[in-house]
Amino acid sequence: MPNPREDLLQTLVQRMMSVMRHVRHHGPHPEPPPGEQPLSPPQVNILFTIAHNPNGTSVKELADFTGVTPGAITQFVDALVEKGLVMREGDPADRRIVRLKVTQLAKEQFERFRRAHLASFSELFDVLTDDEIKQLITLMDKIESSHTGKDKIHAEPDKTP
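Read in order, the letters of the sequence shown correspond to residues 51 to 211 in this note's numbering.
In case anyone wonders, no lab produced these hints; they're calculated from the structure. Misleading hints may appear alongside valid ones.
What the hints assert, rightly or not - BS3-like mimics (lysine-lysine), calculated; alpha carbons at most 27 angstroms apart, straight line:
| no. | residue 1 | residue 2 |
| --- | --- | --- |
| 1 | K110 | K184 |
| 2 | K157 | K133 |
| 3 | K192 | K133 |
| 4 | K110 | K151 |
| 5 | K110 | K133 |
| 6 | K133 | K151 |
Construct all of the structure, not just a fragment, from the sequences and the given hints.
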């Protein structure tokens, strides 16, 4: 016996995955300084996530937020540290915690990264009005808050790091 809700959910998941594939393949690839390798999409995402929290983010918080293992996060962060985009600082409240923060170099390049990132999304979401985008945000927030509670790395999106 067909289950209409299951069919709807299956269609929704397929559409969401299709959108994410598009973002992954057609997303921004910021131009690196001469002689350096470009940032990978996961590195760009981690950089944006770190930049959204001016007090810094721990590897554990990043792992929890992204659903990636702390070991994998550490590898991505190591590459960002080598590129001079992320720095590690001790947490003044707890010496066991290392906070990840964007460097001045990253802050200088961040606006260019952000514009390239938003341009790729703008093209993807051109078919929606501003009101439809607001409605989509509201719906996504409703889903997220029902599963994650109030403890989110991104309480409010920042315009600058």
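Does K110 pair with K184 here, judged by a C-alpha cut-off of 27 angstroms? The hint is violated at about 30 angstroms.
Taken at face value, is the distance from the CA of K151 to the CA of K110 at most 27 angstroms? holds (14 angstroms)
Mind checking the alpha carbons of K157 and K133 for me, to see if they're no more than 27 angstroms apart? holds (13 angstroms)
Between K110 and K133, does the CA-CA distance stay at or below 27 angstroms? With Cα atoms ~22 angstroms apart, K110 and K133 stay inside 27 angstroms; holds.
With a cut-off of 27 angstroms on the C-alpha distance, tell me whether K192 and K133 pass. This hinted pair is violated, its Cα atoms lying about 37 angstroms apart.
Has the given pair, K133 with K151, been kept, meaning a C-alpha gap of at most 27 angstroms? Roughly 13 angstroms between the alpha carbons, so the hint for K133 and K151 holds.
In the structure shown, a violation is registered for the earlier hints numbered 1 and 3, in ascending order.
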